[in-house]
Amino acid sequence: MTAAAFSLPALREHITAADYRSAADTFCALIKEGYRLPVLVQEAIEAAAPYVQAPGHVMPRPDGTWRGVNYDHTILGWRASWRMAAALPERAAMLPMAQAMWYAPQGLDVWSQVLCDFPGHYARDQERCDDRDHQAEIDAAKSAREAGQPGPTGTNFNYGGRFDGPAWHKPAVHFEDHPPMTAGSPQERLQRLQFAIMEGSRVESYRLFLGLAQEPGFRTRLEDAVLMAGIIDLQETIIQRGSYQNIGHKALRARALVDLAGQLGWGNAHGVFYTVVPDLGCTPRFHEIWSLLNTILPMEFRGNLSQLKHLNQAPLTEYELDQVIDTLSWGKPGDVVALVTDLLRRGRALLAIADATVIAFVRNELQVMEHPVSFFTPGHAFDYCNVVNHWLRTYDNPHQAKALYFTALFVNDVLRANMLFPRDPAFGLDNSKQHAHEMERQSEPELLVTIEQSIDAQDAPRTLAAVNGYLTRTGERATLIATLAYAGSKVQNDPHVARMCVSSMEEYQYNSTSRKDDILRGWAKYLARAVRRSAEKGCYELYRRHFVA
Amino acid sequence: MAELRAAWKLRSSLAEAMEQAIDYAAREIAAATVDELVDFCGSFYPGRADSPEWIASFDRFVEQVWECVVPQTIAQVEAAFRARGPVWAPIANAFAPEHGDQLRARDWRPSGARRAAVVLR
Numbered sequence: 005m006t007a008a009a010f011s012l013p014a015l016r017e018h019i020t021a022a023d024y025r026s027a028a029d030t031f032c033a034l035i036k037e038g039y040r041l042p043v044l045v046q047e048a049i050e051a052a053a054p055y056v057q058a059p060g061h062v063m064p065r066p067d068g069t070w071r072g073v074n075y076d077h078t079i080l081g082w083r084a085s086w087r088m089a090a091a092l093p094e095r096a097a098m099l100p101m102a103q104a105m106w107y108a109p110q111g112l113d114v115w116s117q118v119l120c121d122f123p124g125h126y127a128r129d130q131e132r133c134d135d136r137d138h139q140a141e142i143d144a145a146k147s148a149r150e151a152g153q154p155g156p157t158g159t160n161f162n163y164g165g166r167f168d169g170p171a172w173h174k175p176a177v178h179f180e181d182h183p184p185m186t187a188g189s190p191q192e193r194l195q196r197l198q199f200a201i202m203e204g205s206r207v208e209s210y211r212l213f214l215g216l217a218q219e220p221g222f223r224t225r226l227e228d229a230v231l232m233a234g235i236i237d238l239q240e241t242i243i244q245r246g247s248y249q250n251i252g253h254k255a256l257r258a259r260a261l262v263d264l265a266g267q268l269g270w271g272n273a274h275g276v277f278y279t280v281v282p283d284l285g286c287t288p289r290f291h292e293i294w295s296l297l298n299t300i301l302p303m304e305f306r307g308n309l310s311q312l313k314h315l316n317q318a319p320l321t322e323y324e325l326d327q328v329i330d331t332l333s334w335g336k337p338g339d340v341v342a343l344v345t346d347l348l349r350r351g352r353a354l355l356a357i358a359d360a361t362v363i364a365f366v367r368n369e370l371q372v373m374e375h376p377v378s379f380f381t382p383g384h385a386f387d388y389c390n391v392v393n394h395w396l397r398t399y400d401n402p403h404q405a406k407a408l409y410f411t412a413l414f415v416n417d418v419l420r421a422n423m424l425f426p427r428d429p430a431f432g433l434d435n436s437k438q439h440a441h442e443m444e445r446q447s448e449p450e451l452l453v454t455i456e457q458s459i460d461a462q463d464a465p466r467t468l469a470a471v472n473g474y475l476t477r478t479g480e481r482a483t484l485i486a487t488l489a490y491a492g493s494k495v496q497n498d499p500h501v502a503r504m505c506v507s508s509m510e511e512y513q514y515n516s517t518s519r520k521d522d523i524l525r526g527w528a529k530y531l532a533r534a535v536r537r538s539a540e541k542g543c544y545e546l547y548r549r550h551f552v553a
Numbered sequence: 256m257a258e259l260r261a262a263w264k265l266r267s268s269l270a271e272a273m274e275q276a277i278d279y280a281a282r283e284i285a286a287a288t289v290d291e292l293v294d295f296c297g298s299f300y301p302g303r304a305d306s307p308e309w310i311a312s313f314d315r316f317v318e319q320v321w322e323c324v325v326p327q328t329i330a331q332v333e334a335a336f337r338a339r340g341p342v343w344a345p346i347a348n349a350f351a352p353e354h355g356d357q358l359r360a361r362d363w364r365p366s367g368a369r370r371a372a373v374v375l376r
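Top to bottom, those sequences are chains A and B.
Heads up: the first sequence is residues 5 to 553, going by our numbering.
Heads up: the second sequence is residues 256 to 376, going by our numbering.
Pulled out of the complex, with its shape left as it was, chain B reads as follows (with noise of 0.2 Å):
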């Protein structure tokens, strides 16, 4: 019982300080500039990414980014990997409204929950 109470103690002090990780990276991009987030965004492809893990992670950052940036920024920052080429479709994809539009609707938050279930990995 004490070990599982251990664990338990564990488990949501770092539930805790996920939340505040996520808060944190999310005024982030929220102040990012147009030209930032385009700069970051480049980290995701592989010339700049430390690994693949690294790349795996852009989905998690598109979801923040449609979260908590507003709809001028990023069509910009659309439109800017849409000039790039097919090379950096996938990237431009992401911040397409309509994707945008799917990420929303599938918002779920288990009752009593906080913040909506989020993903890690």
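Chain A extracted, bound-state conformation (with noise of 0.2 Å):
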């Protein structure tokens, strides 16, 4: 490639020629050359942005039946990177975003790669349209997918075939872009807004929201709408719903809007919107929940409903955090919704009970799961917890303590589908503790050095062991986290991977209670034990010619 074929035009070109390779490849040229991360970014989501969307997430199948069609992580990829990259050394601070410019030409156009239609990552490795001749292999994962087996869909190392990309035409354009609507008063417009998301009026609600988008004095109102819009429309449950789920991606996608809106600036903002916002309405939505929740708590907290933020102040006693981390774990829904409403009314903090809920989750997290699979959908629920707690602690809204439910349900629904296949010894994890000995003789720096190594290797066992050594050794966090990142970093074509090291990020820094190294533990156990959609590292590979070598 010739030093002019790094230029924001070839840019847009390679991603939607569906050309990985030679867009991170430009951009971190670019980014070497002195363009500024804001402009790239914008430039990359923007040329992404028509090509995202899908006519519904579930797609009709001649016999009647229906298949998922699997949400955009493009933008999920660009908020997480950006968010880690914080967390970074400066030589390495590039990579995550090298990592979500990699991903982005492999997640256009969805609907097109699970027909084997378009080049990407879905059509190469969960549709696997490389490797149609082996039907029968197909057809015996397809069936375990089927029977609502959790995790992702497929990973292959087959790489270079024809839905390795380029493109042979362009991706297509599920939903036009569209002029905001400016009618009425910004109030109106924006109830008005939540009621389209949740009816699945897609164009109206896209409009009304690019123009209030428009109206400065809204903005913090309407990064809360929208953040609620997502946050409510949750499944009841995945367990035997097969694909017809949203596992919080209406959330996540939200909270992606929010982010990346404020690095970029709002005025730069629009490829975010178009990418984003069309889909909250999309199909399937769900509001079961949210119409639960609005039956059954007013009996309950009457008026207080919507002050128990302030009403509610006191911790959680480790007794009741106790409780939380068992109801979720083995509990049944029904349980859950008790516990939660009598811990609120016991006066328990919503900020606190949103802490015990992650805690919950990652004591199963390191307790519980083992297989490989077995963290893949269960890693939503913890992003989507991130998302409802970053809406408590930022955001005033009446109808906050509903999100508290929604979380635990999550979780305890998520940990409840782990257990519908039987566990599998073949998979089961050794004890950590083999590995105590070893680790009680390495220095501190050289058990950062062990984590990294054992994640790269995804050997659980002894990178819980030198997390463990290290925790016990030290107060010190920030060099560790930066290792957790580092090592994430590190793992290409899975934006999962990065949302999960921001979401761990997060929730270490704001968790209340005394256990919140758990959180840091089971960021570490993810990272070594879930399982990967690529073990190749050509992405790294690429950051180090460019800023390292």
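Simulated from the structure, these hints should not be mistaken for laboratory data.
A hint or two may mislead.
[Claimed, not checked] Calculated cross-link-like contacts (lysine to any residue; reagent style SDA-like; alpha-carbon spacing at most 20 Å): (1) A:LYS336 to B:ASP305; (2) A:LYS336 to B:ARG361; (3) A:LYS541 to B:ALA344; (4) A:LYS336 to B:GLU308; (5) A:LYS520 to B:ARG361; (6) A:LYS437 to B:ARG361; (7) A:LYS437 to B:ALA360; (8) A:LYS336 to B:ALA360.
[Stated by the list, open to error] Not the full set, but computed from the structure, chain A residues with beta-carbon under 8 Å of chain B: (9) ILE243; (10) ARG245; (11) SER247; (12) ALA421; (13) MET423; (14) PHE425; (15) PRO426; (16) ARG427; (17) ASP428; (18) PRO429; (19) ALA430; (20) LEU433.
Yeah, the Cβ is synthetic: ideal placement off N, Cα and C, and Gly gets one too.
Assembly of the complex is requested from the two constituent chains, each provided in isolation within its own frame, with the hints serving as guidance.
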């Protein structure tokens, strides 16, 4: 590639051509040439925006059934990577951004990818479009997924095929851009926006949002409304539902919008809005939990419900924290609802309950999850908790007490869903204590190296032994967090990893319980054990060539 | 003191009831044919389970199988599930000899206890 080829038009061309290696190469070259990061991110998001919508997240089959269609993850990668960069030393700071760029061209036009009509990681890894002659193997994998087995839908190391890109035609535009709608008062439009999203009026909700985005005085309320719209659209259960679920994606996308608009500036964030907002009203939409809470909570709390955030200030006791951990892992949904109500009735602070929910999740991650696939769907619930907790920490909304039920029910549901398949002894994990003696002999800097190396090797017991050794040895955390973030930054083709990293970092920062170190342990275990979409390190090597070598 | 005594009496009664339940299940498991065991194992898969909690109790069932079923029968159960393909691998692996060895190796009997420690869920 010539130097002249490293340009913004070339970057756009590589993105829409699904030529991810060239896009990442160009991105890194332009950073080195002095282009400002926000300019490049805006350009990349705008280039992809027309091609990341789907007509729906369920696709009809000729036999009358349907299959799921994955959600766009490009925007999640950008949001998470940008946040991760802050935790890393300067030489590594752009690695997560390079990963986001490496991924984005692989995540366009998912609808066509699942039909094997456009290249990308869904076509290459999930649908295995290059391997259609291995139909029996593909059918076996699909039958496992359709039986409800949680987890990502394919890891493939067979790069270089047709579906690895570049594309042979342009990606499809499934949702055209539209002009803002500005008629009516901002308050009326804001109220209408929420119902337009719930009804699935995608064009109207998008146009309303664009109009409201032009009202600087309404931005905080607009952020609050969009986050709430994403949070309350959550399936009651994923158990036995196959792909008819959203596993929190609406909330995750809303958070990406808020973060990226803040970083780019609202005037530069049209590509972000185009990427996120039309999908909030996309099929399927779920408001059963919202309906449940609006029915039962007024009976319990009457007029106080909207005031609970201010009225309830008490922390949880250690016993109550144990109750949350036990109920979310082993209770049934009714037990979860009863426990949250009980805690609220006892005057426990909303954020204290939210923090306990996070700890309950990571305790299960540490004590129960073993199979690499078992981390994948639950990881979405953890990230969803992070969105809700950010909403609780940052905004003031009369419905926020209800959010505690959403997070607790979602965590409980994904953990119960993991019970759906008998534990496989072939994927059992050894006890990390067997490595404890080795870790005792290592210095703290050596432990950090061990952590990074054992995550690279996907050796969970050794990783956890090193993390435990470090946590008990010192109160220092920033370097440990940087080490974990760096290890996560090496993983390519998977924005879930970056997203999980930033959720862990933020929840660790704010968690008020005595057990917040478990968040770091859970993060380390995820990195060292959860299934990866790729074992390759092509992006990492590319980054090193540009910035380290 | 009276409440504590009552609580301990209830606990001990339930322990005895639990032992009877475990022994009853063990007798039924030992007497089951290969076909019956295969059919029962199928109830731990989503299409036939009444809840995730039922499926999660499979580990406890496997422990009892390794306690009271002869190795030849277990091998036949393993072979039946191995033949069904990768979706059923967790059940087949639960009846692999290596797993049986692991379970036997971890059998732990507290000092003075009537039987090995029992994990209920």
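Structure-based check of each hint:
{"no.": "1", "hint": "A:LYS336 to B:ASP305", "result": "holds (13 Å)"}
{"no.": "2", "hint": "A:LYS336 to B:ARG361", "result": "violated (30 Å)"}
{"no.": "3", "hint": "A:LYS541 to B:ALA344", "result": "violated (30 Å)"}
{"no.": "4", "hint": "A:LYS336 to B:GLU308", "result": "holds (9 Å)"}
{"no.": "5", "hint": "A:LYS520 to B:ARG361", "result": "violated (32 Å)"}
{"no.": "6", "hint": "A:LYS437 to B:ARG361", "result": "holds (16 Å)"}
{"no.": "7", "hint": "A:LYS437 to B:ALA360", "result": "holds (18 Å)"}
{"no.": "8", "hint": "A:LYS336 to B:ALA360", "result": "violated (33 Å)"}
{"no.": "9", "hint": "ILE243", "result": "holds (6 Å)"}
{"no.": "10", "hint": "ARG245", "result": "violated (11 Å)"}
{"no.": "11", "hint": "SER247", "result": "violated (15 Å)"}
{"no.": "12", "hint": "ALA421", "result": "holds (7 Å)"}
{"no.": "13", "hint": "MET423", "result": "holds (4 Å)"}
{"no.": "14", "hint": "PHE425", "result": "holds (6 Å)"}
{"no.": "15", "hint": "PRO426", "result": "holds (4 Å)"}
{"no.": "16", "hint": "ARG427", "result": "holds (6 Å)"}
{"no.": "17", "hint": "ASP428", "result": "holds (4 Å)"}
{"no.": "18", "hint": "PRO429", "result": "holds (4 Å)"}
{"no.": "19", "hint": "ALA430", "result": "holds (4 Å)"}
{"no.": "20", "hint": "LEU433", "result": "violated (13 Å)"}
Comparing the model with each earlier hint shows violations of hints 2, 3, 5, 8, 10, 11 and 20; every other hint is respected.
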